[in-house]
Amino acid sequence: MRDRKISRRTFLKSAGTVAAGVGLTGFPAILRGAPKEILIGAVHPLTGLVAEAGQMSVWGLELAVEHVNKAGGIKSMGGAKLKLLVEDSESKNEVGAIAAEKLIRKEIVCLTGAFQSGVTMAISKVSDRYKMPLVVDVATADAITQQGFQYTFRVFPTISSMVRTGIQGIMEVTDKAGRPIKTAVVIHISEFTAKASFDIFYPMCDKVGAPWKILKKITYPEQTMSVASEVSEAKVLKPDALFINCRMRDAIMLVQEMYKQKFDVDGVFGIVGSGLADPSFHKQGKLSEYVFNACPWHDEVKPLALKVAKEYEARFKKPYNMNGSHSYDTILVIADALERAGTGDKEALRKALVATKLENKTSIGGPIKFDEKGDNIGAGAALVQIQEERSKCVFPHEFALAKAVYPAPKWEKRG
Amino acid sequence: MLYLQALINGILMGGVYGVMALGLSLIFGVLNIINLAHGNLMVIGMYISYLLFVLLGVDPYLSLFVTVFILFFIGFFIQRFILNPIIGAPEEMSVLITLGLGMVIQNILLMTFGPDYFTVDTSYKLSSLMFMGLSVDVAKIFTFVASLIITAVFFSFLQWTELGRAIRAASNNREAAMLMGINVKKIYCVAFAIGTATVGAAGSCISTFIPTSQGVGILFTMTSFVVVIIGGVGNYLGALAGGLLIGIVEEFGAVLLSGSMKQVVSFGLLILILLFRPEGLLGRKSEE
Chain E
29 MRDRKISRRT
39 FLKSAGTVAA
49 GVGLTGFPAI
59 LRGAPKEILI
69 GAVHPLTGLV
79 AEAGQMSVWG
89 LELAVEHVNK
99 AGGIKSMGGA
109 KLKLLVEDSE
119 SKNEVGAIAA
129 EKLIRKEIVC
139 LTGAFQSGVT
149 MAISKVSDRY
159 KMPLVVDVAT
169 ADAITQQGFQ
179 YTFRVFPTIS
189 SMVRTGIQGI
199 MEVTDKAGRP
209 IKTAVVIHIS
219 EFTAKASFDI
229 FYPMCDKVGA
239 PWKILKKITY
249 PEQTMSVASE
259 VSEAKVLKPD
269 ALFINCRMRD
279 AIMLVQEMYK
289 QKFDVDGVFG
299 IVGSGLADPS
309 FHKQGKLSEY
319 VFNACPWHDE
329 VKPLALKVAK
339 EYEARFKKPY
349 NMNGSHSYDT
359 ILVIADALER
369 AGTGDKEALR
379 KALVATKLEN
389 KTSIGGPIKF
399 DEKGDNIGAG
409 AALVQIQEER
419 SKCVFPHEFA
429 LAKAVYPAPK
439 WEKRG
Chain D
153 MLYLQALING
163 ILMGGVYGVM
173 ALGLSLIFGV
183 LNIINLAHGN
193 LMVIGMYISY
203 LLFVLLGVDP
213 YLSLFVTVFI
223 LFFIGFFIQR
233 FILNPIIGAP
243 EEMSVLITLG
253 LGMVIQNILL
263 MTFGPDYFTV
273 DTSYKLSSLM
283 FMGLSVDVAK
293 IFTFVASLII
303 TAVFFSFLQW
313 TELGRAIRAA
323 SNNREAAMLM
333 GINVKKIYCV
343 AFAIGTATVG
353 AAGSCISTFI
363 PTSQGVGILF
373 TMTSFVVVII
383 GGVGNYLGAL
393 AGGLLIGIVE
403 EFGAVLLSGS
413 MKQVVSFGLL
423 ILILLFRPEG
433 LLGRKSEE
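Residue numbers (this note's numbering), protein chains in the order written: chain E, 29 to 443; chain D, 153 to 440.
Bear in mind the hints are in silico, worked out from the structure with no lab data behind them.
Accuracy of the hints is not assured; some may be wrong.
To be verified - With the C-beta cut set under 8 Å, the calculated list includes, among others, these residues of chain E facing chain D:
no.	residue
1	T75
2	G76
3	L77
4	S188
5	T247
6	Y248
7	T252
8	M253
9	M286
10	Q289
11	K290
Unchecked claim - Heads up, simulated DSSO-like pairs for lysine-lysine below, C-alpha to C-alpha not over 30 Å straight-line:
no.	chain 1	residue 1	chain 2	residue 2
12	E	K379	E	K130
13	D	K338	E	K311
14	D	K277	E	K441
Note that the coordinates shown come from a computational prediction; the quantities given were computed from them, not determined experimentally.
Idealized CB from N, CA, C, for every residue including glycine.
So that you can see chain D by itself, here it is in the shape it has in the complex (with noise of 0.2 Å):
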């Protein structure tokens, strides 16, 4: 009985790591961009979604709309000033730029909104369906399916428009791609504010059930690695299946063994993919 509560609690939880993972793994597989900014840039989505509600009373699953719309402006001006200057310089680069940006979108929530914690308070925040005995948390399933959709829709728009080929083309190889007549500086762009935007909306998802503050970012951000890594890099349906993994896994970790373990649980299969298939679980070897 309890097995199958931590069962269900993790799929749910799956859903919730898999969406947050989503745009990370676009912009690390597809930029090659280690962005430490990621759960900062969550963060953001958060505030918007909240600000919108408190102030106009828009549920979240309507503002991501509009966090996905802001947030994807955001990442475009992130990546035409502060990004694209270093295209070609070594991988690290990123870790450092995006490191600083993290801390100064910290700096400015906290400057903006103070320390104090928020959620969104929606009529169904609380909500869960109960069936002999098991609970459900609404917020968590509808989140699930919003991840689903995400990652559906994201699918599609590489794997079958124009520009999702471009962006394709670009991170596999760009030279060939400049000499296809790709304006490889704007697809870096689009795909990162693309990224970014995905955030946006995993953030608007959770807002109702994660309690959240300038200090959380950090907290995403080595989530969404870890799922990203585990999943498969540069696969969309990987950061789903990472999220899964790790969500299951983590709730019977804490059933099973003491509660602490949860993380070492976790992170010990992040070693264990990195050992023995560091391409992740669906990662391809090579981007054919």
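Next comes chain E alone, as it looks inside the complex (with noise of 0.2 Å):
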């Protein structure tokens, strides 16, 4: 065998692929340039029953995500940038929590979601397991911080603090009416965060001497196609007003129900319906006009809050309310502890969580700022009304921008 002779085209070649080899194993921050991008992952029902408010909610993640790199991205990460996974948890149970492995697996620095009380729960359940911090941006239910989860927070309110505000404000709603209710239905779909909501209603308006009485408590499936005779059921008892916790196609059905049999009340009043915060509710028109709701809300006063509502009305043409508004924050908050900690490492990001002041966001409240428990302190809620179509604030006083009418004019009335 002859010696062959490296001809000049191999020995260039060659060269060249040992030096970016050296060069990429060896000297990264050289040749990597760019700084590499930071995960962050979301879950949320883009499919099923609530796929509106689920879309909501991630939009207002993208366009968080999209402001702070537009910022700078973490600085003290050399200006990494932000990148979204959202994944579709279809509104089940089961495949949130897949949908959450599979968003760990690919290396997220943190987790987010997940709309739905149930769902949130599993995935938590899941992040926990994988010591990988979850920062609720939007789920109700107390449970979910009670776990003991130390990587588990949550920017939206708890379902007390909504409950506790809603029955102020409607007591002081009907007060300043000269009409306090005296009688009451409670009409809801028997599910978890419905159920926890009442649960923490009926004692909550003991505590705070509320002066109705609760004359029935009617509930029923999700999934009914008709509300006919929880209506009718409501309608004999005659009451002063409504409580109501629904989802957005049965509360459709239920105000349609309502007019159909001629039902007349002094006012309908949701308790942390998230349903009722749906634009396609909103679109009912003279149905849903006057129906009130205790949720948490988004801030239309500051000019942050005003500039961001502004800029997500203009590009996803439907309106910046308590879902996009919690998951904007979301994201300025985990934004904000990988500033602080300065690193992707779950467990100093936990910390840099934990230590979390936040006072320039979107959401109404007091500054972000987490308890031992992991639930935002600062949060806020707001007692709203639908006025010509869209959710205004009615108490408390500092976000208020519409005065409540009460009591609702009667069906006929109407037009």
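From these two lone chains plus the hints, build me the complex, please.
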């Protein structure tokens, strides 16, 4: 075998490859150049009965990621940009849990989600097992932060704070109108969050000194095809007011049935009724007009909130509401924590999250600060009323934009 | 008084359930196909009616004819290319295929129309007749009447036309029908198409009062299966009877028991029927 002469071409090719190899492995800063991306995972319902709401949350997350990146990314990590990975929970607990596992395997630094309390409980068990920080953007059940998990935080207010503010708001609105509520009927879906809301509502009414008497508690399954009998049941009792908790689909059927059966009440009050916040419910015109809701809300007063709301509505053609704003703020919280931690390491991030105090945000309430359970003690709630197909805050005063209309005009007067 | 209202609500809802289940009854009973895409096909019908109403102002009870036409061809296509290849295979195959088909339909609808809910806002959408303090929903009365008419049309078709006889023969005994010169594959396509056409009609009927979006199909499928099994598989009167029974039982269940028991009552009834009369109320033990 004669020796093979190395041609010039071969020599240059191999030298180049070796140089590149050495560069990539030995001197990463020189050759990698741009900082890598920081992955954030999100699990939300993009299909199923609450797909509209899930989508609006995801838009909030995406908008915030864009804004953070435009402002220079995470400066303490070399200007690294955030990247959002979204998985569909399909509104099912098991699918959400699998989605969370999938995202964790893709090496995210933080997880968020999941709108439905049941799904959120499921993903929190997964994230805690992997010691992955989870910052819940939207989910109300108190139980989520009562599992003793060190890595779970929540930006959304708890049901207790929303119910308390709601009751106070309702009492004030009805007192001001000179017509305190004497009798009421409760109607809600037999689902985790709705049940949790009312389990807190009943004793809270007594604690706060609410004047009304609950005549009947009517529940129905979320998948029902009709709420005709439920409305008939409430109608025969002739209550002053209704306290409800529905998803949007059945909320629409509820107000339609009330109209069809000519069932008038002084006021319909949603107690943490997420379905009442959805745009499709607002578009029901005279049917959904004057319906109240005790719920979290977005800030409609401060400049940052107004700016973000304007961009969100122009881009996505849907109103900036409680879901979008808390999702937006969650990215701000995560970005802020990453900035202080200076690393994507899970334990360092967790410590940084614990020390969070975020004032500049788009949801109402005080600065975002987590207690020892992971709940946001600054989280606020409001009583809003649908007026002219838009929900307007009527209580508390520092965030109120409109005056409440109570009692609501009867059906025949609404045309 | 409340019970009388519950009875009225139940009968009207029964008409709704009946019309929803008619198409399934034909497909399940005659073709032995477990069509899990049933609800999603109905949602297609509802979207068609919605579009025709919003774009051209056509009332859903008129656009019903368009929906029937379009869903007929969709059904023919599905049977011809997706389900005919598995004739003779175990019935469980149809479960898997139609389940997948349902998901494809749901996601196409999601991509095309988004997740928003809609109803067809006709002038009579919110009308009700009031007498003696009882209210009767006008839109549901129309649907009830429609379900009776569709059942009558169906029944006469299957009983008295040549094609109807061929369909019944093919469902009874496929080999014998082939020996008699019946093109069984084509008959199956027509039968499935008629089934989906009925489903489309049902969708048009209910579009004014059941808020719909891509995710609702599964609810319609579940309800329809319960109705068909209770009422009697393959018996179109059975679909109506089953629908009425479930409608009344559910509305009374809501009033007498706590609200969430509503579905427990109808599924409980399903279990009882399966235990003691598995052919359903009006079903016959063997198709004669």
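Structure-based check of each hint:
no., hint, verdict
1, T75, "holds, 6 Å"
2, G76, "holds, 5 Å"
3, L77, "holds, 5 Å"
4, S188, "violated, 24 Å"
5, T247, "holds, 4 Å"
6, Y248, "holds, 4 Å"
7, T252, "holds, 7 Å"
8, M253, "holds, 6 Å"
9, M286, "violated, 10 Å"
10, Q289, "holds, 4 Å"
11, K290, "holds, 6 Å"
12, E:K379 x E:K130, "holds, 24 Å"
13, D:K338 x E:K311, "violated, 46 Å"
14, D:K277 x E:K441, "holds, 18 Å"
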